[in-house]
Structures are given as structure tokens and as C-alpha cells.
Amino acid sequence: MDKNNNTFSTQNTTENVNGIKTVDGFNTYQSIKNQKFSFDKNLLIVYLVILVLLITSVFVFASSIYTVYSNDDSTTSSDGDSSFTKVKAVYQTNGSLKIQQIDSTIAEIYEIPVGVKIIEIDHTNPLFNGLKVGDIIVSCAGKDVFSINDLNFNTPYAPLEEHFISYKIFRNGIYRTIIPFEE
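Each residue of the sequence shown is one higher than the one before, starting from 2 at the first, in this note's numbering.
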């Protein structure tokens, strides 16, 4: 090969009828065309696993620093309050009430109180009489509610009806007190 102009020297190169250059009588075009490429299947599997793990970790990291909010008609409450949905964190208690936590950041953005928002409710449970989808529970039995852990429905020593349970809720911009067994 000529080092000055990066071309094959003419003494070793010939051109056949089809215009394909050959070097020393060996047809380079046919050589490349007929060559079978092989790969290591185990290495391919390792690369695919690494790729899947990388994509998964990027997704988890991105979802931990960015929470998606949307106006979704499926979370519109029965009284027409179509507020936000926090896609990242929806918690469920005792199978009858599905709620999501409203932290101080969300509360500030939407100008609502800190508490837990009712996403879904089973009205066959008398403990939740008077509550509606979209209500924000601010306190339960006189104690402030900041997370799902603050909702205490355990009454081990007496029937539930004998305990005074009340909810302070925020509904349509108004604070209300709900006593389930009086509803």
C-alpha cells in the first residue's frame, strides 16, 4: 500500500470485468460477501442483561427525583373535584380505603393542606361513612394526619361503634368534621 496517498500500488492490484479490484489475484469483494460473522452468545446475553439493568436503574432514579402530576378523569371525585393524581405513591389501607400522601411540596403547589387524599373508597365499611373520593383527611380522632401511618383504625378492646372517631377533612376548599357513625 502506498503510504503517501493511501491507495493500493498498481503492481499488485488488477481490475476485473465487473470493475472490482483484486489484490494479488484474491477477490476482496467476494471475500467480504462470503465471510460469516460469528459472535459469542453468552457475551450477547451478558450485554443484554447489563442493558436491561441500566435502563431499569435509570428509570428508578428518574422516577425518584421526578413525580408526574396529571389531571386524570378517573380520579375525579363524585362531587366534580378533578384535582391532581400523584402517580408515584398510592397507598392502600385495610382493603376499604385507597389513599395517597400529600406532602408539604404538593400542598404548597396546589394550595391544599398536608394530609392524605382519598383515591378510592368502599362505602360498605361504616368507618368511612361521610367520606368521599377527593377528600383530604387532615386529622383522625383528634390527631394530625401526615401519612398513612397516622391513620389509626385499630380498636382492640371494644367494638368500633363505641369509640369516638372523627375526621377533619378538606373538601372543595372547606374544612369539615365528619363523624362516620352519625352519618
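Check before you lean on any hint, since a few could be wrong.
What the hints assert, rightly or not - Lysine-lysine pairs mimicking DSBU-like chemistry, simulated, CA-CA at most 35 Å apart:
1) 99 / 133
2) 133 / 169
3) 144 / 169
4) 133 / 144
5) 42 / 99
6) 99 / 169
Keep in mind the hints are simulated off the structure, nothing from the lab.
Structure-based check of each hint:
The suggested pairing of residue 99 with residue 133 holds, with an alpha-carbon distance near 11 Å, which does not exceed 35 Å. Restraint check for residue 133 and residue 169: satisfied, since their Cα atoms lie roughly 13 Å apart, inside the 35 Å limit. Distance check on the hinted pair: residue 144 and residue 169 sit about 9 Å apart at the alpha-carbon level, within 35 Å; holds. Only pairs whose Cα atoms come within 35 Å are accepted, and residue 133 paired with residue 144 is accepted, the gap being roughly 20 Å.
As the CA atoms of residue 42 and residue 99 are separated by approximately 47 Å, the hinted pair breaks the 35 Å bound. Distance hint between residue 99 and residue 169 is fulfilled; the C-alpha atoms sit about 17 Å from each other, no more than 35 Å.
When each numbered hint is compared with the structure, a violation occurs for hint 5 only.
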